[in-house]
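Take a look at the letters that make up each chain.
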Amino acid sequence: MASETSEGLLITAKSLKKMYGPHLALDDINLEIPPGAIGILGPNGAGKSTFFKCLLGLIKTTSGEGSVLGHDIRTEGDLIRSKIGYMPEYDSLDPGLTAIDQVRYSGELLGMNPDSATQRAHEVLQYVGLKDQRYRKIETFSTGMKQAAKLACALIHDPDILICDEPTNGLDQRAREFMLQTLKKTVSEGGRSVLMSSHVMDDVERVCDRIVMIHKGKIVVHRSIDEMVNQVEKEIEISVWGGASKMEQELTSIGLSVRRMGRNMRVTKVDEGTYTNILSSAAKAKVQVRKMTDYEPDLEDIFLLIMDKLGEDVKETDDLITPRYTGEGS
Amino acid sequence: MKNELDISGGTTRMESAFGSGDGDDEATASVAQKAEVKASIYEQTYRPWRGSLGPRWVRNYAIFRHHVYGIFSSKGHRHYHPLVRLTILIVFIFSISPVAMLFLASLGGQGGFGEILSRMWGINRYNLWGQVLGFFPRNLCMWPLLTALVVGGMISDDRRNGTSAIYFSRPVNRTDYTAMKYLSSAVVLGFVIVFSYIVYYTSAIVLNGEGWAFLIDTFPIFMGGLIAGILLVITYTSIGLALSSISQSRFFAAVAFLAVIYGTKMVAFLIESTFDSSILYLLSPYDGLAHIGQWLVGIESNYDHPLSLSIVSILLINFLSLLLLTSRVSSLEVTRE
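Going down the list, the sequences are from chains H and U. Going by my numbering, the first sequence opens with residue 814, and the numbers climb by one from there. Going by my numbering, the second sequence opens with residue 11, and the numbers climb by one from there.
So that you can see chain U by itself, here it is in the shape it has in the complex (with noise of 0.2 Å):
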């Protein structure tokens, strides 16, 4: 410690011990006396822990666990209200509706009723695309609400808690606590857009008793519609995480990813009913994913400008949240300054 400051020789301050008054008066004095401790039934030891600790993919299924079994069971886990776990169900089982009316086609045999249940909830394209892709009521009430329930509290709650530094003051990097809350939210979106998308797929083919032939024609169609429901999956968890990122509030985050869907959706409809020009659904997250998949399970394009633009669009709006979202999270503290 070559510079280490001398303080050899110094003396204490004196006003930090003494009262005031100028020496010459009497003084008094009140001594407060502590309170003995007759005894106590408590006994504090400290137990060493002779345990190991597991590797890295441990602590990230710790942390994808802990969000993803909230949903079910707040019980040792991430907080969900209970109404928004409601929320999610409900969601869940009107997305799931078709299979209940496929149930009831099957039912009602060739013909009448049947036949036209079958029609309007059958197999087809049009279905398939509405299925994950059509915007009502999926995307109008459903997948938007989902994702801002899911997403909204995230990464806000870290902030706003300070339990970010719980994480990053443990062996736990700042990829790994975005990929795992990213994997964590896009796992419960998934399970209920993209799982019911394929419980839809294949219980018409399992109510219908259909064959290789109806598997070859409709394969290709359902792959298309399940790439774009992945898609939409990872579009609206990167918009909903980084507006979770830049926030205090889960209120502010569900409110925001609202407005950004609904907003762009609502400015390009009316430049288009305006001027005629559905350029400006390059804005609208749900407008670029709509095109995408329309082209992907091989139906009619409502758009008048080309399909790059809207796979460029997805993949900027994609490309811009994460950024978004891993330059909040790089500031996200652990000693709070």
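Only chain H is shown next, with the shape it has when bound in the complex (with noise of 0.2 Å):
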């Protein structure tokens, strides 16, 4: 089932704009995202359900163009949906049914024969871990089974691209560790893509290769995780025990840029040569080093670095309810 545009892009978006009455959901759009994982992240009513569902060619665009697998997203909806896995964040399960009738009937509202959506319903129902309770009701089932269950939905008939909204919604650690890693595997073993739309910074970093980052309608970043992380400044992390503001004194003396909090302090990192000052100026301050790395910022750091820098570029959401609806300054 793996298809791609000839340009090897999944998603292209082109000026695309969507407004709910005078509201701005989606402005102005310009998106190419290539096959691989994808992370969609952005706060509550940022644009992420409106952006899935012009994906998926549930809703009509105001303005501009998009594609999903070549398909035009305004003209194509039911090619695309037959090509997406959806997965939703609610629940969306009959509870009445059992995991193998509920699999099998999502496969069939695909379009695949009885035979067939049951044969592949026991093969991804294995796949996510519900082999031994494919049989049992939905309405018996955990969150982490039912979780699992909607991914199986999605998954019945192998498609393209796999979206996954909050895909780790409500679950333990180790239901968590166990979808991010089917996640993970559908993407290197299987060769398909996914957009996951999470809260949690951590999961959308062990899954995915590169994020999208909405805001207030608007993507203000579409970069690999790597490249962000390059771009923020390099810090040293120490920990000294017995004197850490006389530490923190001398660091400062010598023209190095410190954050502290309590005994544990970040040292900006100029050259190779901050870790001898660093432990210069801990001899000098009488001060034990107990532990000095190079800090790897996360994608949760990135996430609150460029949510401090929109809180002071971007404007509330009152001001992008357009003029030309409520009639001022005209």
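One or more hints might be untrue.
[Claimed, not checked] In silico lysine-lysine, DSSO-like type, Cα no more than 27 Å apart, as pairs: (1) H:1059 x U:85; (2) H:997 x H:944; (3) H:1059 x H:1097; (4) U:85 x H:944; (5) H:950 x U:85.
Don't read these hints as lab results, they were simulated from the structure. Owing to the predicted nature of the structure, the values given are computational and were not obtained by experimental measurement.
Got two chains here, separate frames each, mind docking them using the hints?
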């Protein structure tokens, strides 16, 4: 079932705009997403769900154009949805059905014949770890098992793109690990692409290699995680014992930038000599350096950094109400 | 990405990583150790699927099959409570009970008990009308109850369980979804109401050994009753599905349907008793259908108001129900916000 556009892009959007009445939900989205695992990030109300709906061809865009797997999102929604597996955030399973029947039925709704849907349902339920529970009714399932069953429903037709809306929502640690491992395997072994939205940065970081961040209807970041990590200032993290204030003064006095919280400090890495400078300062201040490591920022750090920056630049929601509808300024 | 945010030179937040304390006290830490996985017998392998997907009718037939087959076997199809299935069976048996009386009449021969039974249960305008549109026991006890049980959870269950996402995230559009739900309900109701009517008519011919003359005499009446029955199925399905679509509870939809059928009938009856006017029967779906049915099979009307008003009333009830149904189905979400 794998297919891509001639340029090798899964999703493209050009000047895509979506308005709900006077409210701007998506604003001038320009995007080219290559195959792989992509995390869709953004605070609540940012436009993630609207973006997914546009990709699935479920709502009409106000202006602009876009394609998924080479199909126009404005006119070929049915085709797009037959090549996409969508795993909703909330419950979307019939509690009265067994897992095997639910997954089979979701395959039949795609146009699979009952026999091949049944056969495939067995395969995907084994893949998501529900082999032994497949004849149990959904109503007896735990949250983790329900999430796995939803994933099985999304994978039944071996889709080119798997869209997962908060796949680890409500899962305990073990179920979460398994879900993330399954998604990762779907990309690495299955060769499928995954679009994953989550509020848990760690989950996104573990599955995805790129992120798209939406904020108030705009794409504010679309880059690989590694690329963004490299953009953030390099710091050395130290933990000292017995005289942290003195140590801070010493480091500042030799011109190093220090951020301190209790006994822990982060020193901006200027060059390789910074390590020596830190140790010299510790000797002068007569403190023990109990830990010294290069600090590797994770996706959560980057997310918070971006949100900090956005806090300065982006306007409030009311500013996204267009004058065309409110009549102001005309 | 011309307008993309620049994060070059930014620094990370510290409070996300560090604890409290002034740095001069002695630090202790406890480190949780992750349990080591010794071995696993479960091998997770992604298997591709090389099949092809069927066209639109295959998807639509899957919806239809899921809902209709569930009446006979819940295994693999929509789950109907055993009591619901039992009630539907009882209603069906009641609806074909005149066939048993016709059988007894045919055993009784000419004259005597057989003739009495034949006169009571045999084919005539009133019995054909009564088979589908008689108020007691059919429209008082059987048809509304049947409709309430079949249609109650048809859409409300999808709203409650969020299963609408399973439909609309697939290449099933809202028109197909609504049409298949409608067809599924109508087929089940039609099987009990219309099919039992056809069985009643044909068994009378077979059991009494009727000839062409009987057929020529009664077939137009039969067709009138058939059309009335189909109208009844359509109208009840429209109202029932509309009520199912506005709620998350199958109980609400079922009770609301019964309330509409009995409530309008009761109010119109009280008004007629007090003011001697049948005009309020226009609000009652049953009476609108009964009025049209009386005209179709050619029996005397029970109503003072013109037939055209009843026709308009039924058309309007269907139109409003379908309008409500389509507008509520269009509000079913794939992504809940």
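Consistency of the hints with the structure:
no.	hint	in the structure
1	H:1059 x U:85	74 Å, violated
2	H:997 x H:944	20 Å, holds
3	H:1059 x H:1097	9 Å, holds
4	U:85 x H:944	18 Å, holds
5	H:950 x U:85	11 Å, holds
When each numbered hint is compared with the structure, a violation occurs for hint 1 only.
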